[in-house]
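Enquirer: Listed below are the residues making up each chain.
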Amino acid sequence: MNKSITRRNFVKTGLAGAAVLPFLKSMPALASKSNTLVVVTGQTINSLDLHRKGTNRASYQVAVNCYDRLLSFGTKKAKGGGYSYDYNKIEPELAESWVVSDDGLLITFKIKKNATFWDGSKVTANDVKWSFDRAVSVGGFPSVQMKAGGLVRPDQFTAINEETFTIKLDKPSKLTIPDLAVPVPFIINSTVAKANATAKDPWAMEYLHKNPAGSGAFKVLKWSPGEQLVYERNDNWAGGPIPEVKRIVVREVPSSATRRALIEKGDVQLSFGIPDKDAAELADKVDVFSTPIENCMHVLCTNRKFEPFQDPNVRKAIAYAVPYDDIFKVAAYGRGAKLWGGEKKIQDIAWPRKSPYYTDLDKAKEHMQKSKYKDGFEVPLSISLGLSSWMEPTALLIQESLSKIGIKVTIEKIPGASWRTAALVEKKLAFHLENFGGWLNTPDYYFYWAYKEGHLFNSSNYRNEEIESLVDSTLHIPMDDPKYKPNIIRMFEIAFEDLPRIPLYQPALNVAANGAKGYEFWFHRQLDVRPLSST
Amino acid sequence: MKKKFPKLHAALLRSAQSVPVLIGVVVISFVLTRALPGDPAVYFAGAAADEQSINEIRIAMGLDKTLYEQFFVYVNNLLDGNLGTSLSTGQPVLSDLIKRLPASLELTILSLVLSCFVSIPLGILAATRPDTWVDHLCRFFVTAGVSLPTFFTGILLIYIFYYILGISPSPIGRLDFIYLEPDIVTGFYLIDTAISNDWDTWFGAAKQLILPSITLALFTLAPIARMTRASMLTILSSEFIRTAKAAGLSNGKVLFSYALRNAFLPVITTLGMVFSFALGANVLVEKVFAWPGIGSYAVEALIVSDYAAVQGFVLSMAIMFVILNLLIDLIYMVIDPRIGFGSK
Numbered sequence: 001m002n003k004s005i006t007r008r009n010f011v012k013t014g015l016a017g018a019a020v021l022p023f024l025k026s027m028p029a030l031a032s033k034s035n036t037l038v039v040v041t042g043q044t045i046n047s048l049d050l051h052r053k054g055t056n057r058a059s060y061q062v063a064v065n066c067y068d069r070l071l072s073f074g075t076k077k078a079k080g081g082g083y084s085y086d087y088n089k090i091e092p093e094l095a096e097s098w099v100v101s102d103d104g105l106l107i108t109f110k111i112k113k114n115a116t117f118w119d120g121s122k123v124t125a126n127d128v129k130w131s132f133d134r135a136v137s138v139g140g141f142p143s144v145q146m147k148a149g150g151l152v153r154p155d156q157f158t159a160i161n162e163e164t165f166t167i168k169l170d171k172p173s174k175l176t177i178p179d180l181a182v183p184v185p186f187i188i189n190s191t192v193a194k195a196n197a198t199a200k201d202p203w204a205m206e207y208l209h210k211n212p213a214g215s216g217a218f219k220v221l222k223w224s225p226g227e228q229l230v231y232e233r234n235d236n237w238a239g240g241p242i243p244e245v246k247r248i249v250v251r252e253v254p255s256s257a258t259r260r261a262l263i264e265k266g267d268v269q270l271s272f273g274i275p276d277k278d279a280a281e282l283a284d285k286v287d288v289f290s291t292p293i294e295n296c297m298h299v300l301c302t303n304r305k306f307e308p309f310q311d312p313n314v315r316k317a318i319a320y321a322v323p324y325d326d327i328f329k330v331a332a333y334g335r336g337a338k339l340w341g342g343e344k345k346i347q348d349i350a351w352p353r354k355s356p357y358y359t360d361l362d363k364a365k366e367h368m369q370k371s372k373y374k375d376g377f378e379v380p381l382s383i384s385l386g387l388s389s390w391m392e393p394t395a396l397l398i399q400e401s402l403s404k405i406g407i408k409v410t411i412e413k414i415p416g417a418s419w420r421t422a423a424l425v426e427k428k429l430a431f432h433l434e435n436f437g438g439w440l441n442t443p444d445y446y447f448y449w450a451y452k453e454g455h456l457f458n459s460s461n462y463r464n465e466e467i468e469s470l471v472d473s474t475l476h477i478p479m480d481d482p483k484y485k486p487n488i489i490r491m492f493e494i495a496f497e498d499l500p501r502i503p504l505y506q507p508a509l510n511v512a513a514n515g516a517k518g519y520e521f522w523f524h525r526q527l528d529v530r531p532l533s534s535t
Numbered sequence: 001m002k003k004k005f006p007k008l009h010a011a012l013l014r015s016a017q018s019v020p021v022l023i024g025v026v027v028i029s030f031v032l033t034r035a036l037p038g039d040p041a042v043y044f045a046g047a048a049a050d051e052q053s054i055n056e057i058r059i060a061m062g063l064d065k066t067l068y069e070q071f072f073v074y075v076n077n078l079l080d081g082n083l084g085t086s087l088s089t090g091q092p093v094l095s096d097l098i099k100r101l102p103a104s105l106e107l108t109i110l111s112l113v114l115s116c117f118v119s120i121p122l123g124i125l126a127a128t129r130p131d132t133w134v135d136h137l138c139r140f141f142v143t144a145g146v147s148l149p150t151f152f153t154g155i156l157l158i159y160i161f162y163y164i165l166g167i168s169p170s171p172i173g174r175l176d177f178i179y180l181e182p183d184i185v186t187g188f189y190l191i192d193t194a195i196s197n198d199w200d201t202w203f204g205a206a207k208q209l210i211l212p213s214i215t216l217a218l219f220t221l222a223p224i225a226r227m228t229r230a231s232m233l234t235i236l237s238s239e240f241i242r243t244a245k246a247a248g249l250s251n252g253k254v255l256f257s258y259a260l261r262n263a264f265l266p267v268i269t270t271l272g273m274v275f276s277f278a279l280g281a282n283v284l285v286e287k288v289f290a291w292p293g294i295g296s297y298a299v300e301a302l303i304v305s306d307y308a309a310v311q312g313f314v315l316s317m318a319i320m321f322v323i324l325n326l327l328i329d330l331i332y333m334v335i336d337p338r339i340g341f342g343s344k
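Chains as they are written, first to last, in our numbering: chain B, 1 to 535; chain Z, 1 to 344.
Please keep in mind that the hints were generated in silico from the structure rather than gathered at the bench.
Every residue, glycine too, gets a C-beta built ideally from N, C-alpha and C.
Hints should not be assumed to be uniformly reliable.
[Said to hold, decoys possible] Derived lysine-lysine pairs resembling BS3-like cross-links, with alpha carbons at most 30 Å apart:
(1) Z:Lys207 - B:Lys265
(2) B:Lys354 - B:Lys370
(3) B:Lys210 - Z:Lys253
(4) B:Lys329 - B:Lys345
[Stated by the list, open to error] Simulated DEER-style distance windows between Cβ atoms:
(5) B:Asp119 - Z:Ser95: 49 to 55 Å
(6) B:Lys413 - Z:Leu326: 38 to 44 Å
(7) B:Pro312 - Z:Gly280: 49 to 55 Å
(8) Z:Asp329 - B:Lys194: 55 to 61 Å
(9) B:Lys413 - Z:Phe277: 42 to 48 Å
(10) Z:Ser196 - B:Lys277: 52 to 58 Å
(11) B:Asp325 - Z:Gly280: 51 to 57 Å
(12) B:Lys285 - Z:Gly187: 36 to 42 Å
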């Protein structure tokens with residue numbers, strides 16, 4: 001398939017012939033010299049097309065690395081080392097420039113003149129239109145995500161001429177522009193896709209599932225599902241600075257112990273998504289980036305369907321009884337950010353933020369005495385077996401602590417496959433741990449998903465009239481609107497008073513590097529290989 | 001007819017007997033997968049799915065139909081050779097199995113061969129010197145092998161031979177990334193690379209196989225060694241051996257020509273069983289060594305209630321065991337003339 005590999009193989013013949021046992025480990029060293037990076041991950045990529053039904057999270061990286069969007073986010077220094085995307089800085093990717101009309105309803109994009117797909121054909125507004133039509137038409141997650149930015153119907157998108165593309169909005173929204181920079185609205189070579197579409201499959205789902213057709217920084221050289229994905233650089237990329245590395249191998253290694261041995265030995269250059277424990281222990285041996293995940297929190301949920309939790313004093317008693325510090329040390333190994341012991345008076349709109357609660361059993365007992373449940377009660381605390389690495393120790397610590405204020409907790413373990421149905425869809429778990437992270441990084445977006453009644457991540461069945469109207473009126477107004485800040489602060493106050501979700505800590509995404517630099521954190525929590533280079 | 005090709009007839013009869021077994025497997029695997037916890041439509045709809053998109057997925061997966069209809073569709077597809085598409089890997093189940101089954105088989109067979117080379121001599125050694133220190137040492141060794149969980153042995157071997165000594169290659173699957181996959185003929189890398197005369201890659205694949213197959217072999221030593229010892233002891237104390245000895249035949253002749261051949265029968269039976277539980281133990285070895293085999297595939301599929309993949313896995317395993325049992329029966333006949341079909 002590739003000459004350099006074959007040649008290297010050929011060189012190795014001599015070595016392999018000479019040495020029977022012990023074998024020399026000469027190959028990885030050769031590989032890193034020759035502009036190849038090896039990344040290991042525990043996740044598996046199951047499709048090269050994000051729009052397909054059933055495509056898993058790990059596959060989103062293909063949309064990021066192999067396709068371009070009109071826009072992208074800038075870069076900033078991250079907490080916890082390395083870089084992070086910058087939500088507040090929008091940068092062009094395939095768009096050369098864009099203009100928003102005064103009423104905010106029409107956005108006009110000019111597409112870069114030199115932008116070409118891998119097959120050499122020019123990226124035109126028709127390709128953009130076809131790709132956007134696809135994203136809003138295929139249903140499922142892509143259409144939901146497009147809707148968040150007010151992009152719902154194909155008739156909103158028009159290709160004026162080859163290089164001009166417009167989006168018409170029903171109402172102006174601050175979420176539209178950022179929503180164009182998430183992985184979903186990626187631009188596909190529509191000529192290639194249409195040639196492989198059928199009457200039954202007008203959006204070429206079957207073809208693009210295995211054969212990406214984009215303009216992005218990397219092409220897929222080889223994909224062996226369940227084993228590895230090999231990226232090869234596109235030397236004609238117009239979307240940004242040409243990546244330094246020619247080839248990147250993403251290898252799937254399910255065992256975290258094996259991944260750890262590989263990165264410590266330096267035979268692979270990057271280990272993506274390592275456990276908190278490894279991150280804490282590897283920090284002084286290799287480069288470890290632990291970036292607190294933006295707009296994401298691990299929380300303890302009190303379901304309103306469960307009677308004792310309708311009593312505000314019970315909820316406050318729990319919030320004062322949770323052993324935050326122990327949880328952060330034991331479940332998160334100190335990775336991420338603390339979310340307790342914050343100021344009583346809220347003055348800024350940072351989110352996730354520290355709640356005003358902290359561990360104080362006396363206060364907790366006081367609140368219990370004031371409640372209708374002086375003698376305590378019994379409640380099952382549900383956790384997902386699929387997320388047991390943080391949920392199990394957390395639940396055990398909470399169980400122990402709540403027993404001191406008279407609440408008898410039994411831990412209920414739910415299989416990973418049933419978790420979403422029970423917790424989020426049926427919302428039937430009285431007391432449970434939850435974790436939601438919003439892609440679009442504004443607090444009102446988080447509230448939209450997690451605090452509005454009936455919305456997916458509001459697993460506490462919480463309803464508050466003021467929150468309902470506040471979220472609706474805030475979600476689409478610009479961040480510099482005079483009403484924005486007071487509205488958000490009011491949401492925080494209500495959330496901390498009503499406590500449908502008790503914040504525990506902000507988790508981190510951990511990445512270890514040994515021989516690679518330039519790692520950048522993204523809200524989609526997948527590896528953007530474009531800025532990587534070897535040291 | 002019966003007299004003319006008795007062996008063929010018996011083989012056909014045995015194959016025919018396996019048909020009801022397979023039908024049973026199809027029904028049971030279908031029913032059992034439906035009994036798995038969880039709603040696959042919700043799972044595969046993804047992070048931010050709403051009610052509508054979950055329903056779209058449910059229809060796309062055919063889960064909105066009744067159980068009878070789903071079964072009918074499934075059987076119909078099976079007859080066309082279509083095992084469905086796995087949602088977790090996004091590939092047709094058949095192509096997944098074709099790709100992954102050889103990976104597991106190559107590992108399992110190699111480790112069994114390795115295990116036989118060690119355990120059968122160990123068993124013979126122990127049987128010829130019962131209750132001496134040799135016997136006790138063998139017993140200790142094989143018991144230790146089977147008592148250690150395979151994932152632990154695997155990680156320990158990686159730690160010693162890769163991490164500390166650095167003499168074994170990176171445990172990242174069937175081939176280091178530096179080699180190219182051989183053209184697939186059998187799916188067994190050792191065979192495929194030999195066919196294409198690519199000995200460099202052959203060594204690459206062999207090196208990757210060493211640690212995982214030792215891990216698995218350690219686990220399978222015990223039953224084979226113990227069974228060899230027990231059946232050798234029985235045979236060695238039987239009358240025809242005493243006769244042979246009395247007739248002045250050499251020890252080697254008695255041991256290898258007469259005793260061993262007769263002692264092999266229960267060992268072969270055990271091998272069939274060991275093969276099946278080695279495939280099961282494979283799951284953990286595959287995880288530790290990033291081996292793209294069928295065990296890790298089945299576990300992943302089970303976790304996410306990926307019906308098509310689970311059913312395909314169960315079915316292929318059932319077919320494999322039917323064939324395996326058939327083979328073992330035929331091997332009996334070769335080894336032990338008393339079980340020959342000619343005697344009927």
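Enquirer: Indicate, hint by hint, whether the structure satisfies it.
Expert: Taking the hints in turn, this is what the structure says about them:
no. : hint                            : in the structure
1   : Z:Lys207 - B:Lys265             : holds, 18 Å
2   : B:Lys354 - B:Lys370             : holds, 25 Å
3   : B:Lys210 - Z:Lys253             : violated, 61 Å
4   : B:Lys329 - B:Lys345             : holds, 27 Å
5   : B:Asp119 - Z:Ser95: 49 to 55 Å  : violated, 26 Å
6   : B:Lys413 - Z:Leu326: 38 to 44 Å : holds, 42 Å
7   : B:Pro312 - Z:Gly280: 49 to 55 Å : holds, 53 Å
8   : Z:Asp329 - B:Lys194: 55 to 61 Å : holds, 57 Å
9   : B:Lys413 - Z:Phe277: 42 to 48 Å : violated, 27 Å
10  : Z:Ser196 - B:Lys277: 52 to 58 Å : violated, 44 Å
11  : B:Asp325 - Z:Gly280: 51 to 57 Å : violated, 43 Å
12  : B:Lys285 - Z:Gly187: 36 to 42 Å : holds, 38 Å
Comparing the model with each earlier hint shows violations of hints 3, 5, 9, 10 and 11; every other hint is respected.
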